[in-house]
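Novice: Given next are the chains, with one letter for each unit.
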Amino acid sequence: MRPFTYVEGVSVADAAAAVHATPAAMFLAGGTTVVDLMKLGVLAPDTLVDVHRLPLGDIELDDRRARIGACVRNAQLAEHPEIRARWPVVGEALQSGMSPQLRNMSTVAGNVLQRTRCPYYRDPHSACNKRVPGSGCAARTGWDRDAAVLGTSPRCIAVFPSDLATALAILDAIIYTRRGDGGARRLPFDGFHRLPGDTPERETILDHGELVTHFELPDLALARRSHYFKVRDRASYDFALAAAAVALDVERGLVRDARIALGGVATRPWRCSAAEQSLRGKRAEPAAFRAAADLALADAVAGAHNGFKIELARHVITRALTELAIRPG
Amino acid sequence: MVRLTVNGERHELDLDPRTTLLDALRDHLGLTGAKKGCDHGQCGACTVHVDGRRVLSCLALAVAQQGREVMTIEGLALGVHLHPLQLAFIECDALQCGFCTAGQIMSAAALLGEVEHRRELSDASIRERMSGNLCRCGAYPNILAAIRRVRT
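Taken in order, these protein sequences are the chains called A and B. The numbering of the first sequence is the UniProt record's numbering, which starts it at 1 and goes up by one. The numbering of the second sequence is the UniProt record's numbering, which starts it at 1 and goes up by one.
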């Protein structure tokens, strides 16, 4: 690990300004991504500005919304009774990811900003355009079993791994930030993560020194009937091969509204808008769900070893919606 | 200087910022119970409690734990009286090589505090809640039996 200077953030504004002023500085919160990648030599910040003690650790609720501090621990959010009741997909997504120890350490913002698990990104000796722009993509000609089938570019096929982000993608979430120059932004979750395109090293629209401070979940009637279904190689504690966050509003057997996002198969949280629209007015039953799943994967492109993910993702969407449709209440 | 309370004892340590909590415990305080397995947060062998919650000490920078209370496997027994989980692991033969055991026991000790009604812990729930602690010897059935023994 390269030597670095550790700075304890004293306020949101100071922490953002401190990172803004130092080109190779990074924020540190739970550390479960940053420390791991520093040990591997993938990240080499010269300064870490610790934000985990800043007053960003509260969950505030009222009838209109939830306001979730960036440094809320994932365990704290996963176990919150009212979050579980009003946005069940959030708790289910969190419980399906990480181990209890990691959920105790890692933060909500860190979860949404976590880095890909692509083995070539994590290996400093491999070509990776995300880690070293212009160096190439070893995954394209290598072991691409875990790679993305949606949203890829010639430069990058790395999967975006966050379960929580997949859930937030169907909830009209808003991200609030503080910039290093003192400004603040309110960013819709849709569009927060970038497609890799020609610049896979830029994963979000955040600027250097811009600190995520809060997430907002607006109250959403259909979110009360939402669900997360995930398939992974192990029974527990693994990243998704394919996962779906879904929500349904059904009246007398007919779908009034639906939300679908995919995880584990795309380069960013992947909202399936065309599939959602196709369900409106249809009977809430597996045939319609399967047709929607076909639409969701219509543009999928497989590499040498990850073609199975396309059919798997169709099943995951169909199963998630079916489980939700037959769930009482 | 990093101030830590470890197993009830206060320490002040002069550490390189790169030092993880695991290395501080093992190399600076001589507490070698917590083990370095993968060193990347994937195996759970380094599990300790920080302010009562189970965490992975290999991914925690010591300098970020200023003022925190840490408990390691060395602090779990009450004097000469082993913690019920330690006894259960012995009685159920819940280990082979033993390398993961300190992490397993610290994780299980936290687990029992995380649930309101221990008796309602199903085997499936114990397995899920212990999934962050790997055992390469495959002693899982006996680890489960040991935790089940303390549950009831």
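Simulated from the structure, these hints should not be mistaken for lab results. Bear in mind the structure is a predicted one, so any value in this text is a computation, not a measurement. There's no promise every hint is true.
Some chain A residues near chain B, calculated using beta-carbon distances under 8 Å [stated by the list, open to error]:
1. Pro-3
2. Tyr-6
3. Val-10
4. Val-12
5. Leu-28
6. Thr-32
7. Leu-54
8. Asn-104
9. Arg-194
10. Asp-198
A partial selection of chain A residues facing chain B, derived with a Cβ cut-off under 8 Å [claimed, not checked]:
11. Phe-4
12. Val-42
13. His-52
14. Gln-101
15. Met-105
16. Tyr-176
17. Asp-233
18. Arg-256
19. Asp-257
Over the 12 Å line for every Cβ pair with chain B, so calculated as not near, a few chain A residues [as the list claims (entries may be wrong)]:
20. Asp-50
21. Ser-106
22. Arg-225
23. Ala-274
24. Glu-311
25. His-315
Every residue gets a Cβ at the ideal spot worked out from N, C-alpha and C, and that includes glycine.
Novice: Output the indices of the hints that this structure fails to meet, ascending.
Specialist: Hints 3, 4, 7, 9, 10, 12, 16, 17, 18, 19, 20, 21 contradicted; others consistent.
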